[in-house]
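Asks: The chain contents come next:
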Amino acid sequence: MDEVWKYVMVYATLMAALVIEVALAVNWRTLGPLSTAGVLAIASLQAVFGFLYYMHGIYGSRSITLMMILSLAVIIPLFIAFLFSIEFPPHITQITEG
Amino acid sequence: MEGKEQTRVNPLIVWLFTTNHKNVGILYLVTSLYFLVVAGILALTFRIQLTVPENNFLTASAYNQAVTAHGLFMLLWVVTPLASAFANYVIPIQIGAKDMAFPRLNALSYWLYLASGIMALSSFFAPGGTADWGWTTYAPLNTLQYSPQAGGSLMGLAIIILLSSSIVATINFMVTIFRLRAPGMKLMLLPLFSIFWLVTIFLMLWAFPAFLAPLILLVADRVLGTVFFTSPEGGALLWDHLLWFFGHPEVYILLLPGLAITGDILAVFSGRKLYAKKVIVGALIVAAILSYIVWVHHMFMTGIHPGLREAFNITTELISIPFGVITISYILTLVGGKIRFTTPMLFAIGALALFIIGGASGVFNSSVALNFGMRGTFWVVGHFHYTIVGGGITGLIAGLYYWWPKMTGRMFNEKLGKLHFIIYMIGFNLLYFPMHALYDMPRRIYVYEAATGWGPINMLITMGGFLFGASFILFFWILLDSLRRGPVASDDPWNAKNYSIEWNVPSPPPEFNFPEGKVPVITAQGLEFRSINEIVGGPVSGISARIGPSKAPNIPANGGTPMEHHGPHLSPWPFVLSMGVAMTLLGLFFGPGLLILGLAVFIGSLVGWGWEDLKERFHVAIEALGEKWPFDKVENHTFAMWVFVFGEIGLFGPLFMAYFFVRANASLTGFAWPLPGQIHDITLGALNTILLFTSGLTMSLALIGAKRGEEDLLRAGLVATFILGAVFLAVKGFEWSELFAEGITFGSDISASLYYVLTGIHGAHVLAGLIALIYLIIKAYKGGFSPHRHVGVEAFAIYWGMVDAVWMFLFPLFYLI
Ligand code: HEM
Ligand SMILES: [Cu+2]
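Same order as they appear, the protein sequences are chains A and B.
So the first sequence is residues 1 to 98, counted in the working numbering.
So the second sequence is residues 1 to 817, counted in the working numbering.
Hints listed in this document are in silico derivations from the structure and should not be mistaken for laboratory results.
Please note: incorrect hints may appear among the correct ones.
To be verified - List of simulated lysine-lysine pairs, BS3-like, C-alpha gap at most 30 angstroms:
{"id": "1", "chain 1": "B", "residue 1": "Lys415", "chain 2": "B", "residue 2": "Lys278"}
{"id": "2", "chain 1": "A", "residue 1": "Lys6", "chain 2": "B", "residue 2": "Lys278"}
{"id": "3", "chain 1": "B", "residue 1": "Lys707", "chain 2": "A", "residue 2": "Lys6"}
{"id": "4", "chain 1": "B", "residue 1": "Lys186", "chain 2": "A", "residue 2": "Lys6"}
{"id": "5", "chain 1": "B", "residue 1": "Lys273", "chain 2": "B", "residue 2": "Lys186"}
Computed from a predicted model, the values in this text were never measured in an experiment.
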């Protein structure tokens, strides 16, 4: 396939994902958390596409992809720690009471 | 203009405009030593204050400022820059390269560092003085309520610039160490210093941006009035996590270079190979990975989940294992060796001993139970000074003695060096050891009563402090004395020829490090210098064929070696740009005149830098033809851009985590998060998404055009990308102004703060992209790209793709959920 066409297809996919994303948020909001999860899942898929095609990661070396994954992995512990910091929020009680 | 003409250039111009890695290294050295003196004097002032009970040498405010500036200067402006000095000077030689991959960026790192230093020093003179919240900058002490002085914000900005400088350096070293190694120079063959530095920059790559994130939020709070650290949804815990997520990797960033030098020196002066080098490197990598998952040990007393405390108690205790392994390997290196007790060796042994003590007290800290008692006391101050100063700085001092003859071509007075060592060790231990006895004295008080009984120990500590300070006077005297009348140093004064490459070249090395027209090659027999033709087994045209003209634009047609055809190694723009940045930001605090001048200088420097590039006035040493594992397949510029992107993940990742944390907390505090469409117009958001997606397509088409040599497609693609990006910004601006008109400002509430700052940072990226696009468009219209030469377009496409990818999250986070 011609390279130009390939990028047009990528573009079309991203736009289609955008339409679904907005529809999920606006028309299917009744789904509640499912709608939120769907929106975030689509955003993540879009980002993977962005990495593979717009950033040309798919043509790059495997080491680059590995580094990309490492970069994202570094954030995971932060996510977990934040998650477990919400449950016991004395800082909140302190500020709101004081 | 050939290299020789440069010697006729005014020396001041050479120092200001140099891009040579060795000159940059010396600039780093001198500047970091200057900050060492400043931060040391600050320490002496607050030590005087603490010497006796109920002292009034300093006011509370002055004390707090002195402690804060001391900590920040030492961590950020002294230790790592001093390590950078050596990294700049010796690493290119150790890996067998003629310079760094990007010499101008290297100069930029230094000048931004200096600019940030000037800003930090100026913050003392801003109204109300400088930051006074302790180096940890805990919220809410860092908020305007408790620290209203403008100097605090200036200090915050200074750190932001410092971190930017480090990120530029990180990228440069990453490319240099991975891709510029000499033929045969496998990573594991490098001396510990290069290997440890590589690991250090991996820590910097993700840790420094993670510090940038909360600092941007903090400066926004203080300057724009956002509410990240004053609202209950963000507050103290948000700062704590982000700071220490950076903070623990940071302490290894401080430690590793010194620890590495210690190991190298122990091996050289015991005449033995490093004991189990592979094990050392393995342990190092384990420690580096662990360093990202232990930071909560600094937060045991915050209100986090007990399970989290347990988990981090365990990871923290684990981390003493790899360091134990490294320590034992070091000791075993000495066993059975013929030890030469030179000054560098003495300092290396001292560093090892002090580090062991510091590591031991760390194990006590990691126990949650003990930590409840010792947290925030002088015990902790003792602990981290033994590790950072004892292990880190002592190692760096050993390194300065070790490489001094190489850098200056002069030997120093060994007798005085040994005397220095003795005074240093006595002063150090007198200063820091008694702190362990003050395990009940809080570290953040400026006066105490006599009844506490802390007086005598504090007296001892202060005496130790002055002795320690005095040892530095002797140190500097030794160095100056050596410059003035030290005996000339040979190429290899320490008999370290077989240990690393720098001892096989003259002291100091020639401009491009190696004998004219030759490059180092590592063979089974060891190091050899070969002419470049031999390496590729043919005339130079063979090289062009192999690496392609796009990657080696300055290979001369006449068959000479590339480096002989080297253009001037000077560029004014890194210096000018950095001064523009400093003036602009200082102008925010000291007057609009300076601000306008700074902006003019800054913009002028961008134009100048771009012009220098377009005219190809500045030449970079060609890629070495050696080892590039594991990044053989990427080109230097694109690799650099990728590294930048990885760093950006380190910035946006924590910012998105902050969003998540704040939003989750909002449900607890009862804050009503705006519903989709309630505040931000979904249509406008979607429009902007479409604009960016489309610009991603046009940018890809531009790249295809460049690859195929279809100039029209390239130009049209670039111009379309520019227009789409500009319209995106215009829409964004419209949205912002509408919001402002509705009375929704930066500080309206936490959701508004997040929206403005996150989309603002993203918008700044778009703006930077547009500026780069202007350059690319001009170059494209001048015919500057060809199927073989378009790395600029390729690198920019990666950048633009990242800007797209970030927006892919921003749009749903603020408009859809
Ligand atoms: C080798 C094992 C180590 C362990 C288990 C360890 C553990 C700890 C723990 C638990 C704390 C928190 C103490 C408290 O606040 O009560 C701490 C503080 C600290 N450690 Fe370590 N540490 C170790 C090594 C190091 C090293 C190598 C460095 C630096 C090169 C270092 C630098 C620091 C700093 C700067 C602080 C205090 C920060 C502050 O509160 O201002 N530690 N350490
Ligand atoms: Cu730590």
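Asks: For each hint, tell me whether it holds in the structure or not.
Replies: Consistency of the hints with the structure:
In summary, the hint linking B/Lys415 to B/Lys278 is not supported, as the alpha carbons are separated by about 36 angstroms, beyond the 30 angstroms threshold. As the CA atoms of A/Lys6 and B/Lys278 are separated by approximately 46 angstroms, the hinted pair breaks the 30 angstroms bound. At most 30 angstroms may separate the alpha-carbon atoms for a hinted pair to count; B/Lys707 and A/Lys6 meet this at roughly 15 angstroms. For the hint linking B/Lys186 to A/Lys6, the alpha-carbon distance of about 39 angstroms lies beyond 30 angstroms, and the restraint is violated.
At most 30 angstroms may separate the alpha-carbon atoms for a hinted pair to count; B/Lys273 and B/Lys186 meet this at roughly 17 angstroms.
In summary, the numbered hints that this structure violates are 1, 2, 4.
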